[in-house]
Amino acid sequence: MCIVVPVLNEAQGIQATLQALAPLRQRGARVVVVDGGSQDDTRALAQAHADAVIEGLRGRALQMNAGAALGWGEALLFLHADTTLPERADAHLLQALSQGHVWGRFDVRIDGRPRMLAVVAAMMNLRSRWTGIATGDQAIFMRRETFAQVGCFAPQPLMEDIDMSQRLRAVGPPACLRQRVLTSGRRWEQRGVWRTIVLMWRLRWRYWRGESAHSLAEDYR
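The letter at position 109 of the sequence shown is residue 109 when you use our numbering, and the numbering goes up by one with no holes.
Hints should not be assumed to be uniformly reliable.
Stated by the list, open to error - Label pairs and their calculated CB-CB ranges: (1) Arg58 - Arg178: 31 to 37 angstroms; (2) Trp130 - Ala69: 18 to 24 angstroms; (3) Gln26 - Glu74: 17 to 23 angstroms.
Rather than coming from a laboratory, the hints here were simulated on the basis of the structure. We put the beta carbon where it would ideally sit given N, CA and C, even for glycine.
Using the sequences plus the hints, can you model the full thing?
Printed below as a string of structure tokens:
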């Protein structure tokens with residue numbers, strides 16, 4: 001199994017994220033950190049805790065594609081730099097793939113002070129089960145052959161996880177694992193929980209209507 005971690009200026013938390021993957025590495029997983037041009041010490045801090053630290057073109061989708069292109073492992077897991085996997089995530093993932101699923105994701109829990117974040121996470125998990133669409137915060141995984149079949153992540157600055165889920169869903173339904181990843185609530189705390197909820201729903205609605213991810217990215221920033 002190969003775990004691909006795209007990063008950009010994540011010096012504050014990258015060591016903790018990668019150290020949490022040490023048990024998986026001991027069981028055979030390989031970790032690839034793909035830097036998109038960090039201006040801090042991200043790359044240096046990651047070196048001791050990953051099997052490879054490479055540089056890629058800036059953009060989460062491009063970085064994840066670069067990591068997957070190394071060709072390690074028959075299963076791929078794409079992990080955000082501010083997200084921690086549940087215990088024995090590798091075993092749960094591989095079991096799901098062995099039972100006929102070709103892709104999947106974990107449930108998510110959001111770390112942060114606002115109590116509303118628990119509701120946000122619950123709605124994310126429920127929506128994902130209803131729609132078969134996963135977000136990057138849920139640690140999307142898949143068979144390598146399926147990744148090649150659907151054509152990698154689209155080179156777009158936003159909604160690359162939604163686009164990938166749509167193409168994967170055409171191949172088969174996701175394995176919606178109930179084990180929870182823990183992801184940072186920093187973007188909700190920085191912008192405000194309700195403001196972020198409204199923003200993300202508005203952006204998703206516009207994306208579903210066919211608006212370019214590039215124009216949406218401008219509003220997201």
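Hint check results:
no.	hint	result
1	Arg58 - Arg178: 31 to 37 angstroms	34 angstroms, holds
2	Trp130 - Ala69: 18 to 24 angstroms	33 angstroms, violated
3	Gln26 - Glu74: 17 to 23 angstroms	19 angstroms, holds
Hint 2 from the list above is the single one not met by this structure.
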